Structures are given as structure tokens and as C-alpha cells.
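Protein chains: 2
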Amino acid sequence: MQELKERIRREGQILSETVLKVDSFLNHQVDTELALRIGREFGQRFGGRGVTKVLTVEASGIQFAMAAGIALRVPFVYAKKKKAITQGEAVYAAPVYSFTRREAYQISIAEKYLGPSDRVLIVDDFLATGAALVGLADIVERSGAVLVGVGCVIEKSFQEGRFLLEERGIEVCSLARIVSMKPGEVQFAGEECNQKERITC
Amino acid sequence: MQELKERIRREGQILSETVLKVDSFLNHQVDTELALRIGREFGQRFGGRGVTKVLTVEASGIQFAMAAGIALRVPFVYAKKKKAITQGEAVYAAPVYSFTRREAYQISIAEKYLGPSDRVLIVDDFLATGAALVGLADIVERSGAVLVGVGCVIEKSFQEGRFLLEERGIEVCSLARIVSMKPGEVQFAGEECNQKERITC
Chain A
1 MQELKERIRR
11 EGQILSETVL
21 KVDSFLNHQV
31 DTELALRIGR
41 EFGQRFGGRG
51 VTKVLTVEAS
61 GIQFAMAAGI
71 ALRVPFVYAK
81 KKKAITQGEA
91 VYAAPVYSFT
101 RREAYQISIA
111 EKYLGPSDRV
121 LIVDDFLATG
131 AALVGLADIV
141 ERSGAVLVGV
151 GCVIEKSFQE
161 GRFLLEERGI
171 EVCSLARIVS
181 MKPGEVQFAG
191 EECNQKERIT
201 C
Chain B
202 MQELKERIRR
212 EGQILSETVL
222 KVDSFLNHQV
232 DTELALRIGR
242 EFGQRFGGRG
252 VTKVLTVEAS
262 GIQFAMAAGI
272 ALRVPFVYAK
282 KKKAITQGEA
292 VYAAPVYSFT
302 RREAYQISIA
312 EKYLGPSDRV
322 LIVDDFLATG
332 AALVGLADIV
342 ERSGAVLVGV
352 GCVIEKSFQE
362 GRFLLEERGI
372 EVCSLARIVS
382 MKPGEVQFAG
392 EECNQKERIT
402 C
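Protein chains in written order, with our numbering: chain A, 1 to 201; chain B, 202 to 402.
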């Protein structure tokens with residue numbers, strides 16, 4: 001998604017070879033119109049495949065799950081990171097380790113919101129180590145739902161997330177695949193060979 | 202908002218006289234189309250007043266801030282509940298006590314995303330004790346921005362949140378105001394005197 005890559009180049013802050021900050025337009029302050037276009041992009045790539053529900057994890061996946069839900073005209077569900085006292089029912093849970101926050105947590109989804117009749121598209125802002133997305137994929141599998149695919153806004157291709165998902169046979173589509181980065185410079189997949197957009201999925 | 206009240210009556214689970222669960226359509230599984238209509242409702246009530254930014258707090262406010270942002274064609278910002286390692290800059294912070302989760306936490310917003318040139322609409326899913334919303338209002342005041350108003354999806358009018366905001370001179374608009382509830386029964390404001398929608402703001 002060319003517009004997204006340009007925004008990452010223009011506004012992204014590369015703090016190290018692994019940490020990219022995009023909180024001016026994606027995950028703290030959110031460019032609403034861009035988020036909608038990102039959702040339409042997921043809609044185009046996963047439309048016509050019977051998706052009944054979009055799934056993400058709170059908090060920074062919500063705006064993109066909502067945008068994909070708008071495009072696909074389906075509801076979305078976001079996994080909670082903690083069990084609130086109002087969430088007292090049976091849940092699917094999975095452990096996740098966050099490298100960004102350097103802590104382990106549990107994600108959970110009420111069982112009644114995911115079942116064998118669902119066809120699920122998982123959406124998130126980042127694909128890096130894949131920890132949260134593998135946890136979500138495990139939950140989808142346990143629920144008996146069909147996992148149609150995973151859509152990520154930004155992928156750090158130099159980390160193992162895509163590999164971990166693909167070795168489970170999961171289709172992964174990222175709108176901007178970063179193959180390497182360092183302060184002041186970001187290299188996207190497909191740019192050297194001019195394959196542009198096609199290679200991103 | 203009549204549609205919202207009907208959904209609360211039909212799908213809301215009243216666990217006690219203070220706890221209402223609406224996670225089948227608002228804040229765990231989200232009815233995307235309803236969320237968009239909620240955003241349009243906020244857009245109608247706060248449109249034409251120069252709002253430059255919608256503000257909320259993660260996680261369950263995000264879908265409504267996004268919907269309001271879509272309606273008003275402005276970006277939104279969500280306050281973070283913890284400081285991530287990628288959020289290293291100057292922030293506005295405020296302490297909040299969550300009665301639902303029974304824990305204290307801190308909300309924060311990067312200073313660069315809120316300033317004197319902004320006119321802010323705060324949006325959240327619930328107005329009850331007002332803790333998070335008062336924290337957000339404090340942050341807006343410190344930033345020098347103008348607070349245009351607060352829009353809530355559901356208000357528990359029997360708790361002190363509205364009072365705390367109004368005594369600061371803040372305009373509060375809730376789309377469904379609950380004056381009392383108990384398992385199997387919910388009473389909305391304005392119903393006894395047939396004032397319907399007008400009284401909700």
C-alpha cells in the first residue's frame with residue numbers, strides 16, 4: 001500500500017533496528033481516513049471469502065479491525081488482555097509475551113463470540129514476533145472457526161512472525177513489509193525488484 | 202438514541218444494580234454498523250463546532266472515537282493506560298481509579314498530539330463514576346486545548362460522573378441515560394415524562 005509506505009517514511013520514527021514508532025498516524029493519534037483506507041485494502045484482499053467476523057487484540061488493533069469490519073460489513077471482536085470482573089463467562093485464553101512491553105500477559109475471548117460457524121479474519125497493527133497473532137490463531141482453531149487469513153498493517157519481515165504463521169498454513173497479508181530499517185532509513189520488500197504491491201501479501 | 206436503548210434492553214446483561222454488560226455489541230464483540238451510527242449521532246450533536254480532534258482512552262473507547270472521527274472527519278487520539286517503551290517522550294498524565302477492574306492506573310497522551318490549537322471532543326463507551334473522563338478533561342485543560350464536550354454511549358445517571366463533569370462546566374451528551382437498573386429491567390431517563398431523546402444530552 002503505497003500511501004502507507006510513504007507515511008511510514010515521512011512520519012515513522014525508527015528508534016533502533018527493531019523499534020518503529022508510528023504513533024502520529026496509526027496507534028496513538030490515528031488518521032481516521034487512512035485507517036478507513038487500510039480497512040478497504042483488507043476488504044479487497046479478503047473480500048468474497050465469506051468472512052463473518054474480524055478478530056483483533058486490544059488496544060492498537062481495534063481501529064484496523066473496525067475499518068476492516070466496515071469494509072467487509074461484519075462485526076469485529078477484540079481479545080481482552082485482562083479479565084475484567086464483568087467478563088465472568090467461559091473464555092478461550094492464550095498466553096502472549098510482549099517484547100515491546102517486556103511482559104507476559106493473557107489474551108481472552110468469550111467463547112460465545114467465536115464458533116464453528118465463523119470464518120475469521122485476524123487483523124493487527126504490527127506483525128513482528130507474531131506472539132499475539134499466534135495466540136489469536138490458536139484461539140480461532142480451538143473455537144472450531146475457519147481462519148481465512150491474517151491481515152497486518154506493518155510487518156517487520158526480519159522478525160519471525162510471518163514464518164510462525166505460515167508454518168501453520170495461515171495466509172498472511174501485510175500492507176507494508178519492512179525488510180530492514182535503521183534511523184533515517186527504511187527498506188520495504190519488493191522495492192529492489194520493482195515488484196511493488198504484489199509481493200506484500 | 203432509540204436503537205441503542207432497544208439493543209441494551211434486548212442484549213444487555215444486568216449483573217447487579219451497577220454492572221451492565223454490553224459486550225455482545227459494544228465493547229468486546231462490536232456491531233460495526235451500530236458503532237458507525239453512534240459516531241454519526243455524536244457528529245450531529247457536536248458538528249459545526251470546529252472539533253479538530255476526538256479523544257478517548259484505550260481500549261473500549263477506541264471504536265466510538267473512530268466512529269466519531271469518521272463522522273466529524275478528524276483524527277482521534279487514544280490515551281494509553283501504560284507507558285510502552287516506544288512512548289519515550291513528554292506526556293500529559295493523569296491518575297485514574299477503575300471501579301470495574303478495582304485498580305488504579307495512569308492514562309497518558311504524548312504532549313505533541315494535543316495543544317492550544319485543538320478543539321477536542323472526548324468520547325467513551327461508559328459514563329459512570331467519571332474517573333477516566335475527568336482524567337481526560339484534566340489533560341485537555343493542561344494542554345491548552347478547548348474542550349468542546351464529552352460524548353458517552355451509555356450513562357449510568359445514578360452514579361456521579363455527569364455531576365463531576367458538569368460542575369467543571371463541561372457539556373455532556375449521552376446517547377442512552379440509565380436512571381436505574383436491576384436484573385431484567387432497565388429504566389432510561391426521559392421515559393416517564395415522554396421527553397424521549399431531548400433529555401439525553
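Everything labelled a hint here was simulated from the structure, so no lab data went into it.
This structure is a prediction, so every number in the text was calculated from the model and none was measured.
Note that CB positions come from ideal geometry on N, CA and C, so glycine has one too.
Take these hints with a grain of salt, some might be off.
[Claimed, not checked] One side only, chain A facing chain B, incomplete, derived with CB under 10 Å:
no. : residue
1   : GLY69
2   : SER117
3   : ARG119
[What the hints assert, rightly or not] Here are some chain A residues the structure puts well away from chain B; computed CB gaps all over 12 Å:
no. : residue
4   : GLU3
5   : ARG9
6   : SER24
7   : ASP31
8   : GLY39
9   : ARG45
10  : MET66
11  : TYR78
12  : ARG142
13  : SER157
Verification of the supplied hints:
1. GLY69: This hint holds: A:GLY69 lies near chain B, its Cβ roughly 4 Å from the closest one there, short of 10 Å.
2. SER117: violated (14 Å)
3. ARG119: violated (15 Å)
4. GLU3: holds (15 Å)
5. ARG9: Holds, because the least Cβ-Cβ distance between A:ARG9 and chain B comes to about 18 Å, which exceeds 12 Å.
6. SER24: violated (7 Å)
7. ASP31: violated (5 Å)
8. GLY39: Given a closest Cβ separation of 10 Å, the condition is violated.
9. ARG45: A:ARG45 clear of chain B: closest Cβ-Cβ about 18 Å, beyond 12 Å.
10. MET66: violated (5 Å)
11. TYR78: For A:TYR78, whose nearest Cβ neighbour in chain B is about 7 Å away, the distance does not exceed 12 Å, so it is violated.
12. ARG142: Answer for A:ARG142: holds, closest chain B Cβ roughly 17 Å.
13. SER157: holds (19 Å)
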